[in-house]
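Numbered continuously in our numbering, the sequence shown closes out at residue 273.
Source of the hints: derived by calculation from the structure; they are not laboratory data.
Since the structure is predicted, the reported quantities are computational estimates derived from the model, not experimental observations.
C-beta: ideal position from N, C-alpha, C; glycine also.
Keep in mind that the hints are not guaranteed to be accurate.
Restraint-style ranges between C-beta atoms, simulated for each label pair [unchecked claim]:
id, residue 1, residue 2, range
1, ALA34, HIS99, 39 to 49 Å
2, GLU268, LYS149, 24 to 34 Å
3, ARG35, TRP82, 16 to 26 Å
4, TRP82, GLU268, 22 to 32 Å
5, GLU36, THR239, 39 to 49 Å
6, GLY152, ALA92, 34 to 44 Å
7, GLY152, ASP32, 42 to 52 Å
8, HIS88, THR143, 18 to 28 Å
9, ASP76, THR54, 39 to 49 Å
10, TYR95, ARG50, 15 to 25 Å
11, TYR95, GLU36, 35 to 45 Å
Derived lysine-lysine pairs resembling BS3-like cross-links, with alpha carbons at most 30 Å apart [stated by the list, open to error]:
id, residue 1, residue 2
12, LYS147, LYS162
13, LYS149, LYS162
14, LYS238, LYS149
15, LYS145, LYS162
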Amino acid sequence: MISCGATLDGARELALFVAGVLGAERRRRGTRRGRRALTPYRQAVLVLRWFRDATPVHWLAADHHISIATAYRYLHEAITALDAHTPDLHQVLQQRRAAGDTHVILDGTPIPAARVAATTIKTKGKNRGATVHLWYSGKHRSFGGNIQFLAGADGFPLWASPVLPGSRNDLSATGILTPVKKATGQPPLATDQQTSNLLHTRLRALGERAAALLKTRRQALHRITLCPEHIGTIVQAALVLTHHEHHRRY
């Protein structure tokens, strides 16, 4: 085995923030000083490496001289601790209203995951009653979860929902519809109807920026290798990291 040094692409301030969260969690649990294999700061570095580069957990374990089981436990502990700092939906909406925002953007994004054997019975469509993979998205042709999120008018992510299985698409998850749709066999939409749809689309387009802010800096969100039930918690932890990186601008 060859050892080599590496530099984590992230601000030291972010690592100190995560270390503070982990230290508070240890005190809450009553963990005695010196009883853990890693200090809160070293655990924070482990977690940030996983989020930033999707570093395999067995590599993290080897680099930090701990067992793979301990590395997984430290990772899950940090994700849960960060998730506890996620802003509440009602709190976010009240803050944006008080700030004078005219609207927020609701959109969804798929979070790919490893193949999962769980199945469900389809209740809609021509294949109703058929057994399908619960976490498989026919739209995206991949396994994963569906996350809904709120973004500000400038496309900054504000809030993320719990995960829904990939078999649930954005439409059934949120109930959002195109304002005016052309029915089969009907004449084309009028100019004002097309304009209304276009304006609605342009307002929502910035939601893609919110998804990009979350995913670009968090390679772990490109494919979750942990249990897909934890996707929502992982995304919310990533949201907390994003907010801190941008100095809690909201």
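Hints and how they fare:
With their beta carbons about 24 Å apart, ALA34 and HIS99 fall outside the hinted range of 39 to 49 Å. The given range of 24 to 34 Å is broken by GLU268 and LYS149, whose C-beta atoms sit roughly 46 Å from each other. For the hinted restraint 16 to 26 Å between ARG35 and TRP82, the CB-CB distance of approximately 22 Å keeps it satisfied. Separation of TRP82 from GLU268 is about 24 Å and conforms to the stated range, judged on CB atoms against 22 to 32 Å.
Distance hint for GLU36 and THR239: a CB-CB separation of about 19 Å, inconsistent with the stated range 39 to 49 Å. Checking the proposed 34 to 44 Å range against GLY152 and ALA92 shows it holds: the Cβ atoms sit about 42 Å from each other. Separated by about 49 Å at the C-beta atoms, GLY152 and ASP32 satisfy the suggested range of 42 to 52 Å. For the hinted restraint 18 to 28 Å between HIS88 and THR143, the CB-CB distance of approximately 42 Å leaves it violated.
A beta carbon spacing of about 28 Å between ASP76 and THR54 contradicts the range 39 to 49 Å that was offered as a hint. Under the hint 15 to 25 Å, the C-beta atoms of TYR95 and ARG50, about 22 Å apart, fit the expected range. At about 27 Å, the beta-carbon gap between TYR95 and GLU36 misses the expected band of 35 to 45 Å. A hinted pair counts as satisfied when its Cα atoms are at most 30 Å apart, and LYS147 with LYS162 qualifies at roughly 15 Å.
Restraint check for LYS149 and LYS162: the C-alpha separation of about 16 Å stays at or below 30 Å, so the hint holds. With a C-alpha separation of about 34 Å, the suggested pair LYS238 and LYS149 falls outside the 30 Å cut-off, and the hint is violated. Using a Cα cut-off of 30 Å, the hinted pair LYS145 and LYS162 holds, with the two alpha carbons roughly 15 Å apart.
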